[in-house]
Each structure stands twice: as structure tokens, then as C-alpha cells.
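Residue numbers (numbering that gives the first Met the number 0), protein chains in the order written: chain A, 0 to 99; chain B, 0 to 733.
Rather than coming from a laboratory, the hints here were simulated on the basis of the structure.
Keep in mind it's a predicted model, so treat the numbers as computed, not measured.
Idealized CB from N, CA, C, for every residue including glycine.
Some hints could be false.
Unchecked claim - Pairs of lysine to any residue, SDA-like flavour, derived with a Cα cap of 20 Å:
1) B/Lys62 to B/Leu710
2) B/Lys614 to B/Met507
3) A/Lys86 to B/Met507
4) B/Lys175 to B/Glu122
5) B/Lys175 to B/Gly374
6) B/Lys182 to B/Ile249
7) A/Lys86 to B/Thr708
8) B/Lys386 to B/Met507
9) A/Lys86 to B/Ile249
To be verified - Every beta carbon over 10 Å from chain A, so not counted as near; a handful from chain B, in silico:
10) Glu51
11) Val519
12) Ser620
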Amino acid sequence: MITQTHYLALSAALFFLGVIGVLTRRNIIIILMSMELMLNAVNINLIAFSHQWQNIVGQVFAVFVICVAAAEAAVGLGIILAFYRNKETVNIDEMSLMRW
Amino acid sequence: MDVIWLIPLLPGLGAAANGLFGVRFFSKRTAGLVACASMAAALLLSLVAFFELLGLPADAREKTVTVTSWIPAIPLQLANGTVGTFSIPWAFRLDPLSGVMILVVTGIGFLIHVYSTGYMHEEPRGAYARYFAYLNLFVFFMLMLVLGSNFVVMFVGWEGVGLCSYLLIGYYYEKKSASDAGKKAFIVNRIGDWGFILGIFLIYSVFGTLDFRAVANAAGPMTTEAAGFGTLSLITLLLFVGATGKSAQIPLFVWLPDAMEGPTPVSALIHAATMVTAGVYMVGRNAVLFSHAPMTMEIVAIVGVATALMAATIGLVQNDIKRALAYSTVSQLGYMFLAMGVGAYAAGVFHLMTHAFFKALLFLCSGSVIHAMAGQQDMRHMGGLKKYMPVTFLTMMVGTLAIAGIPPLSGFFSKDEILYRTFLHSRILWGLAVLTALMTAFYMYRLMSMTFFGPYRGAPWEPAHANATNQPGHGGGNDAARGGQDHGGHGTWHGPHEAPRSMTVPLMALAVGAIIAGFVGVPQVLYGGNAIEHFLEPSFVAQTAVAAGHERAAEAVAGAVDPARESGDTPGHGEGAHLPWYGELGLMAFSVLLGVAGIAAAYRFYVRAPEIADKLAEQWSGAHRVLSNKYYVDEIYGATVVSGTLAAARGLWVVDARVVDGAVNGTGWVTIFSSWFSHLIDKYLVDGLVNFVGAALEQSSFVLRRVQTGLIQNYALAMLFGVFAFVSIYLLYR
Numbered sequence: 000m001i002t003q004t005h006y007l008a009l010s011a012a013l014f015f016l017g018v019i020g021v022l023t024r025r026n027i028i029i030i031l032m033s034m035e036l037m038l039n040a041v042n043i044n045l046i047a048f049s050h051q052w053q054n055i056v057g058q059v060f061a062v063f064v065i066c067v068a069a070a071e072a073a074v075g076l077g078i079i080l081a082f083y084r085n086k087e088t089v090n091i092d093e094m095s096l097m098r099w
Numbered sequence: 000m001d002v003i004w005l006i007p008l009l010p011g012l013g014a015a016a017n018g019l020f021g022v023r024f025f026s027k028r029t030a031g032l033v034a035c036a037s038m039a040a041a042l043l044l045s046l047v048a049f050f051e052l053l054g055l056p057a058d059a060r061e062k063t064v065t066v067t068s069w070i071p072a073i074p075l076q077l078a079n080g081t082v083g084t085f086s087i088p089w090a091f092r093l094d095p096l097s098g099v100m101i102l103v104v105t106g107i108g109f110l111i112h113v114y115s116t117g118y119m120h121e122e123p124r125g126a127y128a129r130y131f132a133y134l135n136l137f138v139f140f141m142l143m144l145v146l147g148s149n150f151v152v153m154f155v156g157w158e159g160v161g162l163c164s165y166l167l168i169g170y171y172y173e174k175k176s177a178s179d180a181g182k183k184a185f186i187v188n189r190i191g192d193w194g195f196i197l198g199i200f201l202i203y204s205v206f207g208t209l210d211f212r213a214v215a216n217a218a219g220p221m222t223t224e225a226a227g228f229g230t231l232s233l234i235t236l237l238l239f240v241g242a243t244g245k246s247a248q249i250p251l252f253v254w255l256p257d258a259m260e261g262p263t264p265v266s267a268l269i270h271a272a273t274m275v276t277a278g279v280y281m282v283g284r285n286a287v288l289f290s291h292a293p294m295t296m297e298i299v300a301i302v303g304v305a306t307a308l309m310a311a312t313i314g315l316v317q318n319d320i321k322r323a324l325a326y327s328t329v330s331q332l333g334y335m336f337l338a339m340g341v342g343a344y345a346a347g348v349f350h351l352m353t354h355a356f357f358k359a360l361l362f363l364c365s366g367s368v369i370h371a372m373a374g375q376q377d378m379r380h381m382g383g384l385k386k387y388m389p390v391t392f393l394t395m396m397v398g399t400l401a402i403a404g405i406p407p408l409s410g411f412f413s414k415d416e417i418l419y420r421t422f423l424h425s426r427i428l429w430g431l432a433v434l435t436a437l438m439t440a441f442y443m444y445r446l447m448s449m450t451f452f453g454p455y456r457g458a459p460w461e462p463a464h465a466n467a468t469n470q471p472g473h474g475g476g477n478d479a480a481r482g483g484q485d486h487g488g489h490g491t492w493h494g495p496h497e498a499p500r501s502m503t504v505p506l507m508a509l510a511v512g513a514i515i516a517g518f519v520g521v522p523q524v525l526y527g528g529n530a531i532e533h534f535l536e537p538s539f540v541a542q543t544a545v546a547a548g549h550e551r552a553a554e555a556v557a558g559a560v561d562p563a564r565e566s567g568d569t570p571g572h573g574e575g576a577h578l579p580w581y582g583e584l585g586l587m588a589f590s591v592l593l594g595v596a597g598i599a600a601a602y603r604f605y606v607r608a609p610e611i612a613d614k615l616a617e618q619w620s621g622a623h624r625v626l627s628n629k630y631y632v633d634e635i636y637g638a639t640v641v642s643g644t645l646a647a648a649r650g651l652w653v654v655d656a657r658v659v660d661g662a663v664n665g666t667g668w669v670t671i672f673s674s675w676f677s678h679l680i681d682k683y684l685v686d687g688l689v690n691f692v693g694a695a696l697e698q699s700s701f702v703l704r705r706v707q708t709g710l711i712q713n714y715a716l717a718m719l720f721g722v723f724a725f726v727s728i729y730l731l732y733r
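Could you put together the complete structure from these sequences and hints?
In C-alpha cells, the structure reads:
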């Protein structure tokens with residue numbers, strides 16, 4: 000029987016995978032993908048609690064998150080494209096213009 | 000008579016014209032003319048005023064003219080606690096005393112102005128006008144002095160003549176000795192003026208007024224201070240201190256001999272005839288006060304006779320012709336104060352007048368001699384001048400006989416009057432005065448002998464052209480030249496010669512004056528009226544007393560004028576101060592005899608056998624040295640008063656330099672140090688704090704900015720740690 004704890008464990012594992020990906024990878028596209036992982040971990044959380052409490056608001060919220068994630072992916076990819084045209088790279092280490 | 004204020008004003012205008020414009024623009028002729036004309040006008044006005052005064056009855060011979068107010072009324076507390084009104088008008092008063100004085104001042108002043116046009120002829124144009132400006136200014140102040148009706152106006156004149164005396168003594172100011180002599184005269188006079196002005200203060204404090212007549216009237220009824228030294232004695236003593244300064248009496252006589260550095264006419268006018276007699280005039284003017292202070296009178300008499308004797312002894316050995324005359328002047332002034340001191344005010348003023356004539360004459364003659372000798376003043380280098388300058392010789396002889404007291408010349412009457420009154424007062428004073436008279440005759444005839452008799456001992460001269468040595472040609476023919484060419488340049492000096500007419504005419508006029516001036520005071524015993532004493536008498540007594548009656552006047556002013564002698568009535572009046580007629584005649588004969596003896600001795604010593612004088616000088620070398628050095632008075636003053644003053648000044652200077660300046664400098668140093676200290680605080684503390692804040696921020700930012708890497712992953716990591724931390728805290732401390 001799959002309990003609430005299993006969902007949450009999966010969600011946490013997935014979230015940390017995303018976090019590690021964001022923190023360690025240099026390729027900005029992979030970082031973007033890792034962020035999708037984190038968003039989806041959140042979605043699993045929302046659905047799990049919606050299921051536990053039998054409250055539909057959680058599922059509605061998950062749908063919103065998916066929408067926002069889609070928009071975020073579109074904007075993010077646009078920025079990356081613009082950056083690539085300037086710098087000929089997608090390495091996150093090169094993106095340190097906002098420093099002192 | 001209402002315009003007597005014009006009498007001083009006219010010379011004043013002359014002085015203004017010459018002083019303001021003359022120095023720049025006037026020719027010598029114009030400058031001389033302006034000066035002489037203003038004097039002539041003043042003389043004329045004085046004569047008119049004087050004769051108007053004579054025309055009045057004896058009791059009414061007093062006229063006060065108030066020109067305008069000067070110091071407006073100021074309430075001022077008096078000695079007795081009441082509040083008086085201090086106000087001074089410009090007021091002039093003509094009475095017998097000032098009448099005689101203005102005649103002397105303007106008359107002799109006019110003659111000396113005329114004489115000066117000749118004597119000063121070789122001066123450059125500007126200096127010539129300057130000279131006459133000073134001389135006129137002097138007469139202006141002198142007339143203000145004698146005409147002023149209160150002490151303050153008199154004091155204005157008193158200080159003014161002192162100023163002019165200073166200016167004229169220092170006329171040849173390029174000469175160190177002349178400017179020094181001027182300063183000496185001025186400073187010594189200041190000492191006297193100090194006493195005078197203190198006396199004036201005290202008079203106001205006691206009487207509440209400074210008008211001569213009001214003071215005399217107030218003092219008249221006061222009791223005579225026979226017993227002790229009271230307020231009136233103090234007032235009169237202070238006034239007398241002023242008189243000793245102005246009239247060169249012991250102890251302030253030292254300036255007068257030095258004053259001979261001035262031009263000779265100045266010596267004649269200021270330092271013989273007029274200014275130096277101002278002290279005598281002032282004592283006479285305050286006769287009522289002095290009469291109430293017998294102790295002061297005694298001091299005056301003693302100082303007078305001591306001065307007379309001392310100056311006469313110094314005069315015995317002087318070789319400078321002008322200095323000899325200067326000591327003679329001091330001596331004669333001593334006579335006048337002796338007269339004042341024994342209460343013979345009229346006799347003193349009478350002697351003042353006759354002395355003005357014969358001493359001015361003697362000085363002008365000496366000027367003529369100096370002029371003839373091209374500036375030589377040492378009598379040892381003269382001699383035998385009689386044949387070169389007969390007019391000067393004759394007039395000077397008149398002056399000499401007059402001062403020696405040979406009848407019937409003027410000096411005889413005035414001096415004999417003084418001797419007589421002194422004899423009545425005190426035999427000792429009389430003895431000293433007679434001794435002085437003997438010496439006077441001696442040293443005056445010595446002066447004559449050394450100058451005019453014997454062989455010529457002066458510098459040789461080029462036996463030159465024309466009539467240079469053989470005067471008195473020039474001046475006679477060419478009046479305009481006024482002795483122009485041949486003694487003008489003195490490039491070559493052609494020997495002694497008679498002075499030009501502008502100089503000899505005043506000499507002759509003064510000689511006539513010296514002969515006849517005595518006849519206004521022929522005493523009773525010689526069947527004269529002694530007119531001048533009767534004439535002057537109202538000036539010496541309080542008015543209330545006059546109104547009350549003649550006898551009370553004589554009582555109130557003990558011995559001011561002795562009516563017993565003049566009128567012969569009321570014998571035994573007063574102090575019984577009279578002698579029988581043969582006594583008086585005997586005294587007279589005695590003094591004449593002494594005069595003759597003095598002349599005879601001088602004739603023997605200096606004309607007949609000149610070696611006797613030298614031998615005597617050798618025999619009494621100690622005394623001779625003391626006399627030649629004028630009793631070392633100058634040296635004593637130099638060692639005590641002068642060096643004391645200088646030492647005090649130096650001491651004060653040191654105090655000034657060390658203490659006062661030290662305090663100022665110390666303050667400066669303290670300020671500099673404190674400002675330096677404050678600068679340090681500012682620099683290191685205040686600025687340091689500001690800079691420290693900046694530097695600290697800068698340094699810390701070095702560290703902190705490392706945090707801003709710009710790497711998004713770093714931020715994310717930090718965020719993660721943060722969230723982790725907060726969650727941990729939340730979980731741990733929930």
C-alpha cells in the first residue's frame with residue numbers, strides 16, 4: 000500500500016535531485032531542466048496532500064504550477080538564446096556580469 | 000577802549016598772514032612790513048587806550064571787555080561743599096597794571112620788530128617770514144597774557160608765549176645746541192606751569208571764580224595768614240612756582256642763559272623785556288592774594304634776592320656777551336621778585352618797565368656788536384669797537400649806566416625804590432641786594448670795557464674797498480639797501496662796522512626810553528610825585544577796600560603801598576615803615592656810590608690794567624672755576640633730576656618691554672600653542688574618525704564584496720543553506 004509518506008519521500012528525493020542539478024551543473028539548459036524537476040517534485044507534493052485531505056484545491060494549484068513552468072521554460076529558453084548569441088556559450092560560469 | 004581786544008588781535012593777524020602766506024609768497028620787504036605794521040597799529044591802539052585810561056578818575060580806571068563766552072557754565076563743586084558755576088569768557092581788562100604792560104610790550108615790541116628787519120636781513124626769504132610770524136605770534140600771546148581778565152585767558156597767553164619762546168630759541172633748528180636749548184626752555188617751563196595750573200585749580204576751588212577782580216575782592220576781607228601756612232599761602236606758593244619757571248628764578252632759572260641760542264632780537268624781546276617778566280606781572284596781578292600770605296612773600300623775597308646774587312656772581316666771569324646779559328637779566332628779575340616779596344608791587348612793576356627799556360637796549364646793542372663782528376659772541380675777541388660803531392657804543396653806554404643805577408637814568412629810580420623798600424623790610428636782604436647792585440655795575444662795565452675799549456683783539460679782516468670799515472655811510476644813502484651789500488654775503492668780511500639805520504634807530508629810541516622812563520617814578524624825597532606808584536596802586540588792592548577808603552586799603556593789603564611815604568601824612572601808619580628824608584637820601588647816595596665804585600673797579604681791571612683781572616682769576620682760581628661753571632647747577636640738575644628722570648624712563652621702558660610686551664607676547668604664544676594643539680586634535684582625532692569610518696568601510700567592503708560573485712549557483716547554494724538553517728532552527732526550537 001502506497002502511503003502518504005511514500006509520496007512525500009519521492010517528492011523530496013526528486014526535489015533534491017533537482018537542487019543538486021541546479022547547484023552542480025554548468026550547462027544552463029540542464030539547470031533549467033533541473034528546475035523543472037524541482038517544480039514537478041512540488042507538484043507531487045501538492046497532489047499527495049490533495050489526495051490525503053480530499054481537497055481539490057491542491058490539484059488546481061498543480062495545474063497552475065504546470066502552466067507557470069511552461070511559461071518559465073519559454074522565457075528561460077529565450078534568455079538563454081539571447082545569451083548564447085552574445086557569448087557563444089551556455090556555461091553558467093560565464094554568466095557572472097552582475098558582480099562588483 | 001571798547002576795542003582793546005583788537006590790541007592782541009592785530010599782531011595775531013600779522014602772525015597769521017606771515018605764517019600762512021608769508022613763508023611761501025611774501026618777499027622779505029612785505030613780510031617785514033606786515034609784521035611792523037601790525038605792531039605799529041597795536042602800539043597806536045595801546046597808546047589811545049592808555050590815554051583814555053589816564054583820562055578817567057583814579058578810582059574808575061578799570062575797563063573789562065567781554066568779547067564772547069568761551070567755556071559755558073558748568074556746575075562744579077567748591078571746597079566748601081557748595082556748587083559753583085565754572086564759566087570762562089574771552090574777557091580782557093584794561094587797568095593801570097595791564098595798561099603799563101601793553102605799552103611796554105607793544106612799544107618795545109615794535110622797536111624790536113623794526114630792528115629785526117635789519118638784523119635778520121641775511122636770512123633766506125621763507126625763514127625771514129617765519130621769524131616774523133613767530134615774533135608776531137609771541138606779541139599776540141603776550142598781550143593776551145597781560146590783558147586777560149581771568150586766570151584761564153592769562154594761562155592761554157602764558158602757554159602761548161612759552162610756545163613762541165621755544166619756537167624762537169630753536170629758530171636756527173639745524174643747530175643742535177639751539178634746538179636743545181629750545182627744548183630745555185620748554186621743559187623747564189612746563190615744571191613751572193604745573194605749579195601755576197595747580198594754583199588755578201585751587202583758586203577756583205576756594206573762591207568759585209577765576210576772574211582776577213572777583214578773586215581779589217573775595218580775598219580782600221580774608222584774614223592775613225600771618226600765623227601759619229594756610230590755603231592762601233599754598234595758592235600763592237603754587238602761583239610763584241609758575242612764576243619761577245617763566246621768570247627764570249631759582250631753581251628753574253637754568254633755561255634762560257641757554258635761551259641765548261635764539262636770534263638776538265628775540266633775546267631782547269622775549270628773554271629780557273617781556274616774557275620773562277610775565278611772572279612778575281602775575282605776582283603783581285595777584286597782589287591781594289600774596290599780601291594775605293606773608294610766608295609766601297618771605298619765600299618770594301628770599302628766592303628773588305638769592306637769584307639776583309647768584310646770577311650776578313655768574314655774570315662776573317662770563318665771556319659770551321649774550322650770556323653775560325642773560326645772567327644780568329636773571330639777576331634783575333630777582334630784583335623784581337625781591338620787590339614783590341617785600342610788598343613793593345609798584346616798585347617791582349616800575350623796575351619791570353625800566354628794565355624792559357634798558358635790557359632790551361643792551362641786548363639790541365649786543366646784537367649790533369655781534370652783527371658787526373660777523374657772528375662773534377666771545378668778548379675776548381672784541382675790544383676797541385668804540386671807534387667803529389659810535390652809535391652802538393653810545394646807546395649801550397646809556398643802557399649800562401641805567402642798569403648800574405646812575406642818576407638820573409631810569410634804572411636808578413626803580414632800583415633805588417626797590418632797595419629802599421627792602422631796607423625797610425629787612426636789613427639782610429637789603430645788604431645782599433646792594434651787593435648785587437655793586438656787582439651789576441661791575442660786570443656791566445666789564446662787558447663795556449671788553450667790547451668797546453682797549454685794543455682790538457678780534458679776527459683780522461681784508462682792508463677792503465670803499466667805506467666798509469669806515470661806516471656809517473651805508474644805510475644813510477641807500478635806505479632801500481638796508482645795509483645790503485657789504486655786510487650781506489660775508490663772503491669777505493670787511494671788519495667791524497656800524498649797523499644799518501633800521502637797527503640804529505630803534506637803539507636810539509630805546510636809549511631815550513632808558514633815560515627818561517624813570518621820571519614817572521621820581522620819589523617824594525627828590526620832589527617827584529612818584530606818579531607810577533599812585534597810578535598802579537588800584538591794581539594791587541581789593542576793590543571793596545578802595546571803596547571803603549584809602550586807609551582801609553592800606554590796612555587790608557599790609558604794605559602793598561605805603562601811603563605814609565607817598566603823601567607824608569598819617570605818620571606812624573602801618574609798620575612805621577619809613578625813614579626820615581635824610582635817611583632815604585643817604586641810602587640813595589650809598590647805592591649811587593656803589594654803582595660808581597663798581598664801574599670804577601671794572602674800569603681799572605679791564606681798561607687801565609687788564610692784567611689785574613687775570614691775576615685775580617688766577618689767585619681765586621677755585622672760585623673762578625665755580626663761577627665759570629655757573630655753580631655747576633646744570634651739572635647737578637643733570638646728575639639728579641635729568642638722569643633720575645631718564646633712569647625712571649628706562650626702568651619703565653624695561654617694565655614695558657619685559658612685563659607688558661611679555662604679557663602680550665605670552666598671550667600670543669599661548670594662542671599659538673593652543674591653536675597648534677587644537678589643530679592636532681582636528682587633524683588626528685576628528686579627521687581621523689571620519690577617515691577611519693571611511694577606511695573601515697572600505698576595508699570591510701573588500702571582504703564583503705567577495706560574496707557578490709555574480710554566479711547564480713553560489714547564491715542558490717546560500718539560499719539553500721539559509722532555508723536549511725531556518726528550517727533547522729524552526730524544527731529545533733519549535
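Verification of the hints:
As the CA atoms of B/Lys62 and B/Leu710 are separated by approximately 123 Å, the hinted pair breaks the 20 Å bound. The suggested pairing of B/Lys614 with B/Met507 is violated, with an alpha-carbon distance near 37 Å, which exceeds 20 Å. For a cut-off of 20 Å, the pair hint linking A/Lys86 to B/Met507 is broken: about 135 Å separates their Cα positions. For the hint pairing B/Lys175 with B/Glu122, the CA-to-CA distance comes to about 18 Å; that is within 20 Å, so the pair holds.
For a cut-off of 20 Å, the pair hint linking B/Lys175 to B/Gly374 stands: about 17 Å separates their Cα positions. For the proposed pair B/Lys182 and B/Ile249, the alpha carbon gap of about 19 Å is at most 20 Å, so the pair holds. This hinted pair checks out: A/Lys86 and B/Thr708 have alpha carbons roughly 19 Å apart, not beyond 20 Å. The straight-line distance between the Cα atoms of B/Lys386 and B/Met507 is roughly 18 Å, inside the 20 Å bound, and the hint therefore holds.
Under the criterion of a C-alpha separation no larger than 20 Å, the hint pairing A/Lys86 with B/Ile249 is inconsistent with the structure, at around 122 Å. Distance check for B/Glu51 against chain A: the nearest CB is about 117 Å away, which clears 10 Å, and the non-interface claim stands. Under the 10 Å C-beta cut-off, the non-interface status given to B/Val519 relative to chain A holds; the minimum distance is some 124 Å. The beta carbon of B/Ser620 sits about 115 Å from the closest Cβ of chain A, which is more than 10 Å, so the claim that it is off the interface holds.
Checked against the numbered hints listed earlier, the structure breaks hints 1, 2, 3, 9; every other hint is satisfied.
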